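**Student:** Sequence:
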Amino acid sequence: MPTFLLMVKAELEGVASLAPAKGAHFCIDVRESAGSEERAGVYVTAADTHDLAGSKGSANFVMKFDKASKHEAYLNVLEIKGVTREITADDSGKFVPVIAFECRGLEPIAYHPEDEWLAKGAGGVAFDPVDLRDDWADFDEKAGEAVSVMGLEARFQLHKGK
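For the sequence shown, full-length UniProt numbering assigns the number 1 to the initial residue and increments by one for each residue that follows.
Since the hints were derived computationally from the structure, they do not count as laboratory data.
All of these numbers come straight from a predicted model, not from anything done at the bench.
Treat the hints with care, as some may be off.
Claimed, not checked - Listed below are the simulated SDA-like cross-link pairs for lysine to any residue, each with C-alpha atoms no more than 20 Å apart in a straight line:
no.	residue 1	residue 2
1	120	138
2	94	148
3	120	131
4	9	27
5	9	114
Claimed, not checked - Restraint-style ranges between C-beta atoms, simulated for each label pair:
no.	residue 1	residue 2	range
6	110	86	20 to 26 Å
7	64	86	30 to 36 Å
8	155	13	19 to 25 Å
Each residue gets a CB set at the ideal place from its N, CA and C atoms; glycine is no exception.
Build out the structure end to end from the sequences listed, making use of the hints.
**Tutor:** Here's what the structure looks like:
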């Protein structure tokens, strides 16, 4: 099954690390792999588990593009050791793989950031939740400086590893 990496880039100021919260819901747009039909604003999370019809398997998200179809499209939300990781201050302005989606019958085409992100200031102060629907700014009282996440961009990239 193909695995797609959610690649995120942002300008960080005074932020030591930025990552999706554990169990975060990801709002994505998906397209049918063997067609052109799309669904916008689909929410997926590793916390959900759904049984697959006619199988002993399960997935974090299951859907049908055509209600009359027997074929289910599904995906699993994954962290891939040595690949997916948090964004650090050194990554400011660079695309970083933050989470992965293993897909069957669909592929993610767009990500819509929301408020389920965690940031850690350079002074060690944790900011939770961080809403990335727009640029975000706060003040790290421990470090005595402004912190911000600006210009967030996201894209999906096919993961060619195992």
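**Student:** Take the hints in turn and mark each one as holding or not.
**Tutor:** Okay, the hints, checked on the actual structure:
Our distance criterion of 20 Å between C-alpha atoms is met by residue 120 and residue 138, whose separation comes to about 11 Å. The suggested pairing of residue 94 with residue 148 holds, with an alpha-carbon distance near 16 Å, which does not exceed 20 Å. At most 20 Å may separate the alpha-carbon atoms for a hinted pair to count; residue 120 and residue 131 meet this at roughly 14 Å. A C-alpha spacing of about 17 Å is found between residue 9 and residue 27, which places the hinted pair at or below 20 Å, so the restraint holds.
For the hint pairing residue 9 with residue 114, the CA-to-CA distance comes to about 15 Å; that is within 20 Å, so the pair holds. Distance hint check: the CB atoms of residue 110 and residue 86 are about 22 Å apart, consistent with the given range 20 to 26 Å. Restraint check, residue 64 to residue 86: a C-beta distance of roughly 34 Å satisfies the suggested window 30 to 36 Å. A beta carbon spacing of about 22 Å between residue 155 and residue 13 agrees with the range 19 to 25 Å that was offered as a hint.
The structure agrees with every numbered hint stated previously.
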